Amino acid sequence: MLKTFLKGGVHPPENKLSAKSKIKDLPLPQVVRIPILQHLGAPSKPVVEAGDQVKAGQLIAKSEGYVSSSIHSPVSGKIMKIDDFIDSTGYKRKAIIINTEGDEWIENIDRSKEHIKEFSLSSEEIINRILSAGIVGLGGATFPTHVKLSIPRGKKAEYLIINGVECEPYLTADHALMLEHGEELITGIKLLKKALKVNRALVGIENNKPDALKHISALALNSNGINVYALKVKYPQGGEKQLIKALLNREVPSGGLPIDVGVVAFNVGTTYAVYEAIQKNKPLFERIVTVTGKSVKNSSNFRVRIGTPVSALIEAAGGLPENTGKIIYGGPMMGKALSDLSVPVTKGCSGILILPENESSRKKTQPCIRCSKCVSVCPMGLEPYLLMSLSQINLFDRLESDKVLDCIECGSCSYICPSNRPLLDYIRLGKSAVSKIIRTTKQ
Amino acid sequence: MNSVVLYTVISLSGIGVTAAIVLFLVAQKFKVYEDPRIDQVEDELPAANCGGCGFPGCRNFAEALVKAEDFEDLYCPVGGNETMIKVAELLGKVAVEQEPKVAVLRCNGACEFRPKVNKYDGTETCVIAAALYGGDTACEYGCLGYGDCVVVCKFDALHMDAETGLPVVTDVNCTACGACVKECPKDLFELRKRYKKDRKIYVACMNEDKGGPAKKSCSVACIGCTLCLKVCPFDAITMNNNLAFIDSEKCRLCKKCAPVCPTNSILEIGFPPKKEQKEENKTEQTTTLAGDKSDEVNNKPGNISEK
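Sequence order for the protein chains is A and B.
Read in order, the letters of the first sequence are residues 5 to 447 in the working numbering.
Read in order, the letters of the second sequence are residues 107 to 413 in the working numbering.
Isolated chain A, as found in the complex (with noise of 0.2 Å):
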């Protein structure tokens, strides 16, 4: 029996359109705009100035402290302006916008196809190499990956895991990326395998991509301590801790990281960007989007320069469809509907989908049956309808003991239930006002 993990879930369509679609590389855009936070953590701190010329894979924000990630130009060019633009949150947030003159690198950057499979590195230097590149979880959390790496002391990882689950409905660029730059991945992974000093990689990856299992199957047959799965489909494997209990058997603690039973995960995407960034010296300026959505006309998987804005992307695959209602940044689970079509590509956006307007808009409202669907699908093991009511009246203690920052925001609870109630909408208010109160009782 195939493995997957036992709480909850659910089984939305799959709709993986773009899945044949070969990574296309999207023509440069004029103006890019690239926002100072695009990761979880402290915003980066501009080092260019207004008028300033930058090659591609320049720095152009660095990190300010621990938990941030610095920031590459994507583009050659001019940079314009340093001023505040619309991002994924719908707000204006302060990005650094550049003028694209050709599309020159910096020189020690290596341009070519070519696998570099040998690497003599140590730990440490393979580290500080992420850091300077970078490389944030492009899973879609941005969590900033050499602090993942940096293992707590008193703490040891016994386990590498490489996450190709990609459980979210339409998106196929992770499943591109494995097909295409297999061996590359498998480079990367030892390399995450000497960073970690651990002796063995797992990778998961859902049973609906038997090309792309078989094809990482066939690869990691030549390396040692790498062993590949096939997991049955459910949503949300792709979640951390879901994806460490299919294939482990091994339970994250609430409140506490995967590294507390010994693993370290990372998505393929991020595993192919580390390999990059030591192999070719190239920092993370690019990413593979998936442009989907029934109306579009081509569904594709691109690989897009960051500060590419969303319209472009759109042209590309066809144009927008008359019928759209919503343009989603991200899957339809867990994505964000976007208001401006020139928000910009960040480092944790995987796919743009565009929903015709009878599948888009939300239904009407109606009061809890009881019937306890939430609960059931719950990953996390929750009871989403009791946060969702101790949200709305604000009772803060009830929220924090129920276990309000253990849920994942996967959107299972919202998707499954009958009577349409936004319980995911309330459990992130109840959450952040949560996190809010526990961050200012510490100070």
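In short, the hints are calculated from the structure, not lab data.
Being a predicted model, the structure only gives us computed values, none of them experimental.
It is possible that part of the hints are untrue.
[Claimed, not checked] Below, computed lysine-lysine pairings styled on BS3-like, alpha-carbon distance capped at 30 Å:
no., chain 1, residue 1, chain 2, residue 2
1, A, Lys194, A, Lys28
2, A, Lys20, B, Lys225
3, A, Lys298, B, Lys222
[Unchecked claim] Computed, partial: chain A to chain B, Cβ under 7 Å:
no., residue
4, Ser343
5, Ser376
6, Pro426
7, Asp429
8, Leu433
Ideal Cβ placement from N, Cα and C applies to all residues, glycine included.
Please build the complex by placing chain B on the supplied structure of chain A, with the hints as guidance.
What follows is chain B alone, placed relative to chain A:
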């Protein structure tokens, strides 16, 4: 038969008396002393339990008042100075009087001034909409119009105006408890000094964008031009993040700032219409004068060319 009834009555009353004695003794032993003044003070308070004083309810506030050494930072906005003086007399202390205040909405972005640029179909509460994005107009600072403030107001001082899509404060009912100030996710409510006859003058905008984008998103936005700042004779106006702010403590309602505002984002409310008419006449006069002049100027070259 009689003896059975008798024994029952005797034994039951015996149990009753013993229980009463035990209860009396226990009550004496575990008596919790409560200052009788707390009840007296609580009777004086408005019993609105609104939380405007910063305490969960009137009882808690009464306890705090009785315990307090002086009344600094202790004030009931609903009862106002009258209540506070009464309480102070009762407790033999001095009341710290405050100017009465009233809540104002610092946004004038009615539907006609602030066009919608997208459609929101999520849960119709301001907190959730604000958590998801900047709102369905291009102004991310303005009122979202789902009426969280109306729900939270305990004094019926707020209602939504269907035409403008903005909440309206009914000054008579407003007690300045501050519930709306706390609730609004965009921080649009401000407690301002209550002037005579509920007159008000304030910058009805919180848009911190630069002039161009601000004006583009809302035609009555403050564009940070500083004209009002220059014209104010009392230094009551300050500029912060491209946004003017009139300090109601310093403002003396001279009304010089409102006419110079190019976007009409300074609102004057409650002034007698007479003066406004006069002003209108004045402006009309000046415009007609200017018009005359321009006509003359225009005519002259025309005449010349005809000649």
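Legend entry - Status of the hint placing Ser376 of chain A at chain B (closest C-beta pair under 7 Å): This interface hint is violated because 21 Å lies over the 7 Å limit.
Legend entry - Interface restraint verdict for Pro426 of chain A against chain B (beta-carbon cut-off 7 Å): Pro426 of chain A check passes; min Cβ-Cβ to chain B is 4 Å, inside 7 Å.
Legend entry - Restraint satisfaction for Leu433 of chain A [CB to CB of chain B, less than 7 Å]: With a closest approach of 6 Å, the Leu433 of chain A hint holds.
Legend entry - Restraint satisfaction for Ser343 of chain A [CB to CB of chain B, less than 7 Å]: 4 Å, holds
Inset, instruction - With a cut-off of 30 Å on the C-alpha distance, tell me whether Lys298 of chain A and Lys222 of chain B pass. - result: 27 Å, holds
Legend entry - Hint check: 7 Å Cβ-Cβ cutoff, Asp429 of chain A to chain B: Result: holds, 5 Å to nearest chain B Cβ.
Legend entry - Straight-line alpha-carbon gap Lys20 of chain A to Lys225 of chain B, limit 30 Å: 28 Å, holds
Legend entry - Hint consistency between Lys194 of chain A and Lys28 of chain A [alpha-carbon to alpha-carbon, up to 30 Å]: Holds, at about 27 Å.
Checked against the numbered hints given earlier, the structure breaks only hint 5 and satisfies all the rest.
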